[in-house]
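With the hints as your guide, set chain B onto chain A.
Spelled out from the first residue to the last, the chains are:
There are 2 protein chains.
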Amino acid sequence: IEENNTQELKATMEPLHPADIAEVMDDLTIDEAKSVYLLLDGEKASDVLIEIPENDRRRFLNVLPPELIASKFIEYMDSDDAADIVADLDEDLKQEVLREIEDTEQAGDIVDLLEYEEDTAGGIMAKELVSVNENWTVATCLKEISKQAEEVDEIYYIYVTDDQQRLKGVLSLKKLILNSTNTKISNLYEPDVKMVRTNTRQEEVAEIMDKYDLVAIPVIDDIGRLKGRITFDDVIDFVREEAERDYQMISGITGDVEPDDKPWELIRARFPWLLVGLLGGIMGALVLGSYESEISHVTELAFFIPLIAAMAGNVGVQSSSIVVQSIASGVKDVETTGKRLLKELMVSFATAAIFAILIFIYNYFVQGNINLTLSVSISLFIVMLYASFFGTLIPLLLNRLKIDPALATGPFITTMNDILGLFIYFGVGKMFFDFL
Amino acid sequence: IEENNTQELKATMEPLHPADIAEVMDDLTIDEAKSVYLLLDGEKASDVLIEIPENDRRRFLNVLPPELIASKFIEYMDSDDAADIVADLDEDLKQEVLREIEDTEQAGDIVDLLEYEEDTAGGIMAKELVSVNENWTVATCLKEISKQAEEVDEIYYIYVTDDQQRLKGVLSLKKLILNSTNTKISNLYEPDVKMVRTNTRQEEVAEIMDKYDLVAIPVIDDIGRLKGRITFDDVIDFVREEAERDYQMISGITGDVEPDDKPWELIRARFPWLLVGLLGGIMGALVLGSYESEISHVTELAFFIPLIAAMAGNVGVQSSSIVVQSIASGVKDVETTGKRLLKELMVSFATAAIFAILIFIYNYFVQGNINLTLSVSISLFIVMLYASFFGTLIPLLLNRLKIDPALATGPFITTMNDILGLFIYFGVGKMFFDFL
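Residue numbers (this note's numbering), protein chains in the order written: chain A, 1 to 436; chain B, 1 to 436.
Take these hints with a grain of salt, some might be off.
[To be verified] SDA-like mimics (lysine to any residue), calculated; alpha carbons at most 25 Å apart, straight line: (1) B:K175 to A:K262; (2) A:K402 to A:N199; (3) B:K339 to A:T254; (4) B:K184 to A:T181; (5) B:K211 to A:L16; (6) B:K211 to A:E32; (7) A:K194 to A:S326; (8) A:K168 to B:K184; (9) A:K262 to B:L341; (10) A:K262 to B:F349; (11) B:K174 to A:A149; (12) A:K147 to B:L341; (13) B:K211 to A:L39; (14) A:K194 to B:E151; (15) B:K211 to A:S180; (16) A:K262 to A:F60; (17) B:K174 to A:L39; (18) B:K174 to A:S326.
[Stated by the list, open to error] Every beta carbon over 10 Å from chain A, so not counted as near; a handful from chain B, in silico: (19) A11; (20) L28; (21) E32; (22) L64; (23) K72; (24) V111; (25) E292; (26) V315; (27) Q325; (28) G338; (29) K343; (30) M346; (31) I370.
Quick caveat, the hints were computed from the structure, so don't treat them as lab data. Yeah, the Cβ is synthetic: ideal placement off N, Cα and C, and Gly gets one too.
Just chain A, same shape as in the assembly (with noise of 0.2 Å):
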């Protein structure tokens, strides 16, 4: 692809879309990426700029000279993207980037956005919109509409204002066509329209926008002014980011990494978790070691070692995934954390009779020791108990306390219930066997 045949590639690029040229990019060096990128014109090259995996980003961008940043890529850029991109600088690249942008109206918009948090409505909104004056006709609204138009891609909706810009309601496009020139625009706008404020937290404003089919939704400051919309394609990534980071929560890998990564990111993503499970597994040792003298008694009580700890750390996983799976999905205050942990406790009760009830039966039969297959069912009913339990309350306490609640599915909780499982277990098994 590279062969310095620089008219030949410009031309099989031009058709291309954005999208599928930065996945072309994603496997050049940087160089040659570099290259690619100052044949694309400006339009094309900011588009594509957007579609590249952040880190990539910002690797390549803290190279380049801040003049070309700013008049090759941010020049061209909707305002929440070029804050976006500005945001990831590095502070002294960033100051300079803002100084050599010639349209000090966007300057001032980037500058606006990168106030806001970056999980709130402010910090994910764009400032290109269509807004009209309420008090406008329709000819008016045309006109004022075609001017505005050219900086906005997509028009969506069009937000109705009063004369101090705060917001009134929307006008679909269809409206506007469908009614004569000079009718006004206040007898035709929709007053009753969703709407988050700019420190609305960017889970809510995925909720509600997912919740009522939302394309757009205006985004207003605390006395109302219009500042900004949010568009449907930031809840999409939204949605799946979050999904993405709970699934790698719950499979124990720390960060956000794929197969195409290199194989040292790899090894770094799983080192935490499995480090937990190591040390885990030591202290699960250490527990069997100060039962020595009744396992080398009992062998027998060594063989459902395994069983209890897998059904401790099953049941536990389960039950803290349904807790955390239901706060993601935004269920939340339908039922108080008393009423859910009441609940998980009739279901776990049930749960572990049936499973102590079917290792009973097997052991009783296969095994015949009864004081092993008692031990073996009165704990692993105790076991699955306080693993379905703590799996449910520590993701509800967590999220009382504003962390992550899906900590809770990953290897941490499943290797602490091991430990207890064990010392459950064998407290158990001691009694039994010393009632003997």
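Below, chain B alone, put in the same frame as chain A:
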């Protein structure tokens, strides 16, 4: 809420959004819900019906008379929602409802849509869209749009077709507004448009719309005729559902459950994987039983059973979840199966070596027994190596066989890894202690 004060109730619900009413209805009994429905006018009642969970909807509809379903709900719905609802009805009721629909064009649309497979573009598309002929002028278009727009909630794009209804391109409302009324459409439309076929799989539709940030995508048949369109809200729902399914798979839960479900539904969802865990535990006990004399001679060997099992499980889940997630996010064929396995082998070799050394250091200084130390380290190394190898291989194989690869992340593989891990551990241990 339910004091038969119908007038008041009706007034309360008037300003509410259908999604909110659906949420309230969720807490009512089926009879209460039925009486609330009959208070709502048709448009609203049908919107609410779309928002309530599928199971509740099915139960509710199957007790209503067919002519009521047709006149009160179906007639006000878009064809895609109507088809979904009709598809859910029992066969007899389905036929009757279809016969009761007065608008024969709509009935025809529904029957057409029912022909497509549920998980294809045809199965999720709606028939309602705005299309214009390439030979028309802007003025004709505007007139035609005002006719068609009545049936379409949101326009998003105007599709341009030729005389044979073949899709030629799209036209934005923006362009339509900004051009003079006698311009011909053929000079305005954008011919380079992303589209899918009726038999394109749902996953692929979601990928394309997400990748190119499309708010709607047209669906064509094999000879290019425009058949319908799919909108962004279907994609958000799909992304969310896919993520939830994978998450439930990895956490060992069968079927779609939420904490608000009834206790017995929660028990049933947990049962299958816990049973796998129980059977695995019993097999583990059998494996350990076959090493009874080794355990009773060298009790310390038993101490590290939880460590080996936990590390095998953790590594296996990490490996398979990375593969599953990359398959789900559409990163495919970037690397071949062979290449991926080779890299996974490298990564797991390094990881296994690190942890084997760590446990060696611990045991060497704390435990002191050199045979035990070597047994644990060497078997941990082997176990981690094969667990991550299988963790990568099995989801890739399942995917080849068109089985959901997420199945590999469930407790099945973890359980298998546990058992194999015990075999390897005691095999290695036996070797070392026999040497003495």
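Cross-check of the supplied hints:
1. B:K175 to A:K262: Cα-Cα ~46 Å, so violated.
2. A:K402 to A:N199: Distance of about 17 Å is within 25 Å: holds.
3. B:K339 to A:T254: holds, 23 Å
4. B:K184 to A:T181: Holds - the C-alpha atoms of T181 of chain A and K184 of chain B are around 22 Å apart, at most 25 Å.
5. B:K211 to A:L16: Given that 25 Å is the threshold and the Cα spacing comes to 13 Å, the pair holds.
6. B:K211 to A:E32: holds, 24 Å
7. A:K194 to A:S326: holds, 24 Å
8. A:K168 to B:K184: violated, 36 Å
9. A:K262 to B:L341: Roughly 14 Å between the alpha carbons, so the hint for K262 of chain A and L341 of chain B holds.
10. A:K262 to B:F349: holds, 14 Å
11. B:K174 to A:A149: Holds. K174 of chain B to A149 of chain A sits at ~8 Å (cutoff 25 Å).
12. A:K147 to B:L341: violated, 56 Å
13. B:K211 to A:L39: holds, 23 Å
14. A:K194 to B:E151: Cα-Cα ~23 Å, so holds.
15. B:K211 to A:S180: Measuring from Cα to Cα gives roughly 39 Å; hence the hint is violated.
16. A:K262 to A:F60: holds, 17 Å
17. B:K174 to A:L39: violated, 30 Å
18. B:K174 to A:S326: violated, 41 Å
19. A11: It holds; A11 of chain B is separated from chain A by about 16 Å at its closest Cβ, greater than 10 Å.
20. L28: At roughly 14 Å from the nearest Cβ of chain A, L28 of chain B sits farther out than 10 Å, so the non-interface label holds.
21. E32: The claim stands: E32 of chain B keeps its Cβ more than 10 Å from every Cβ of chain A (closest is about 17 Å).
22. L64: holds, 25 Å
23. K72: holds, 22 Å
24. V111: Consistent with the label, V111 of chain B stays out of reach of chain A, its closest Cβ about 26 Å off (over 10 Å).
25. E292: violated, 6 Å
26. V315: violated, 7 Å
27. Q325: violated, 6 Å
28. G338: holds, 13 Å
29. K343: At roughly 6 Å from the nearest Cβ of chain A, K343 of chain B sits no farther out than 10 Å, so the non-interface label is violated.
30. M346: violated, 5 Å
31. I370: Given that every Cβ of chain A is farther than 10 Å from that of I370 of chain B, nearest at about 16 Å, it holds.
When held up to the earlier numbered hints, the structure conflicts with 1, 8, 12, 15, 17, 18, 25, 26, 27, 29 and 30 and fits the remainder.
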